[in-house]
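Student: Top line first, the protein sequences correspond to chains A and B.
Numbering-wise, my numbering puts 332 at position 332 of the first sequence, and it's gapless, one number per residue.
Numbering-wise, my numbering puts 277 at position 277 of the second sequence, and it's gapless, one number per residue.
Mixed in with the good hints there might be a few duds.
What the hints assert, rightly or not - Heads up, simulated DMTMM-like pairs for lysine to aspartate or glutamate below, C-alpha to C-alpha not over 25 Å straight-line:
| hint | chain 1 | residue 1 | chain 2 | residue 2 |
| --- | --- | --- | --- | --- |
| 1 | A | K206 | A | D231 |
| 2 | A | K257 | B | D231 |
| 3 | B | K257 | A | E193 |
| 4 | A | K196 | B | D12 |
| 5 | B | K257 | B | E307 |
| 6 | A | K303 | B | E195 |
| 7 | B | K206 | A | D79 |
| 8 | A | K80 | A | D12 |
| 9 | B | K80 | A | D49 |
No lab work stands behind these hints, which were simulated from the structure alone.
Protein chains: 2
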Amino acid sequence: LARIALDAMGGDHAPTATIAGALLALQELAPEHVIQLVGRAEIVRAELDAQLAASPADVRAQAHRLSLVDAAEVIEMTDKPSVAIRGKPHSSMAVGLRLQVAGESEAFVSAGNTGAQMAASTFILRLHDGLTRPAIGTLIPSARIPVVMLDAGANVDCSAAELVQFARLGAVYAEDVLGRPNPSIALLSVGEEPEKGNAAVKDAHKELAASAGLNFIGNVEGRDVPMGACDRGPVDVVVCDGFVGNVLLKFYESVPKLIFGLLAKSGVSREQLAGALQGLDYAAHGGAPLLGVKGVSIICHGKSSPEAIKNGILVGLRASQSRMSDHIGQRLASTVEGTPA
Amino acid sequence: LARIALDAMGGDHAPTATIAGALLALQELAPEHVIQLVGRAEIVRAELDAQLAASPADVRAQAHRLSLVDAAEVIEMTDKPSVAIRGKPHSSMAVGLRLQVAGESEAFVSAGNTGAQMAASTFILRLHDGLTRPAIGTLIPSARIPVVMLDAGANVDCSAAELVQFARLGAVYAEDVLGRPNPSIALLSVGEEPEKGNAAVKDAHKELAASAGLNFIGNVEGRDVPMGACDRGPVDVVVCDGFVGNVLLKFYESVPKLIFGLLAKSGVSREQLAGALQGLDYAAHGGAPLLGVKGVSIICHGKSSPEAIKNGILVGLRASQSRMSDHIGQRLASTVEGTPA
């Protein structure tokens, strides 16, 4: 049994999209799992009632697996991260995350303010020993299968030691949530050779090459990311700092728009295109776990559709059931013990 | 009259592609311009004779506008940059660049070893006062018109002051070579707000916002690059460090491949696709000037086709005729004088 807390107030289209996403998720989740809708009770109740009234009987029959958790405050998309910790202690984020600390929930999913969710998750769930920062692990579509890229925006200035931490976090994520045993880990750089890269990347390469317990395959270049592979084989995890990760991810976001514009002139139908480009929508792949916190905190895109919210809930369940957070803690502990300082 | 020196030995497909590119360029250049083929005389002569023999009469009639400049050594793609300066003083790169210093040529174009070309250009042509590094300015296709991105790989670790230098270099490039008066300059970051970014980017934003003579429009995000615009209007120049620039550019390179794979399944014909995606091939847009050196040094992609080499030669001509290098020197001098230190 897993109890997944959903930030009903989070995201550009909340609470409509969040509650619709919860209803979609109930249809896919095994019957023992439940969803906790966290937010202003009167607003959530009204929206839920309206959506249930318009739903078919089989959806209404699942409604008993939803519970409402009242949270008096709402974090706005424009609030500073610190607001999540000090300014609004009764926000849906803070309340939803505290459920895990109290042993009343297994995962938290939000499409709200990302900076606030990171701050609140770090503050409330805390970081595993051996980490200085959490990282956002995002799945990006590739010509092969989706690739885990991290950090996708949490940390804009990273040290070599932090890049190495990201590699360890990404390895556990790929193994536990994506079910890829012994995932291949690559470092994003400007050339394949170990001596290529900026200062942090060059040092991180040395550390990764020397560290045990990681299937480190060396540097990859920007061109390898959308292929999901380099000439040494498939790539499961791409490690980079949050500045590069954020730029690349947002660049990727607008590629379908660019292609649409280009192909529209060539007589390709919009329908053919839309179908083909759907696979490029990384937001649809579900939420991105905030890696490194002691617990499960899933970050969804602010523009998440009900389908994307549902996928975020499924990611939260997989993270919880695979005990990803525990595994991260164990791996980090064994690294600290096993490595001669 | 402009004399454009072409590194006949440079590039993966040299000298076949370089000489074919020179012949193509002659057809497009006004009749007063000439091309200097720099390389091992016997090899260049043999290849040129073979290509001329197979060419129609109107191409052969232009052959008098080609001159051969002998250079005994060749820089390999795997040579270290220092080889270009000390190891092979008689390379086609060194010889071709020295023609400018001697007043015998107006521009140098190469598809050879980029690191070597940067080192040789900096060493032989020297940098304008006020600069600590040169930058590669690459044109990348967008949904609007091509955008200048710099640095595209010359400098992996950049200070804020260097990012500001890149902004000035890019402004002159866009104005002189692309003919865009008062080009808009944007700084690539992880958010539009001035306080978003890594340490160097945040400091560069402050300096750019305070500096006169630049049409600085603030930060743009990764998604704005392929659009060639942000919500504040069109973007002509995108400033970033060479690590980010290189990753983004190589990522862009493999997007057509990704799209091809996705769309192939959707029943779109390869012909329709190929035509539409041709516009995404930034290598075809011609060479990228190495900005900041006192002279003209055009860097072409190692995989350049004859068409791309021809475009590189045309970029070299425009850079020479617009007196881009002089303008860069003047702008930098006025900045140094005009700014209270």
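Student: Hint by hint, which ones does the structure fall short of?
Tutor: 9
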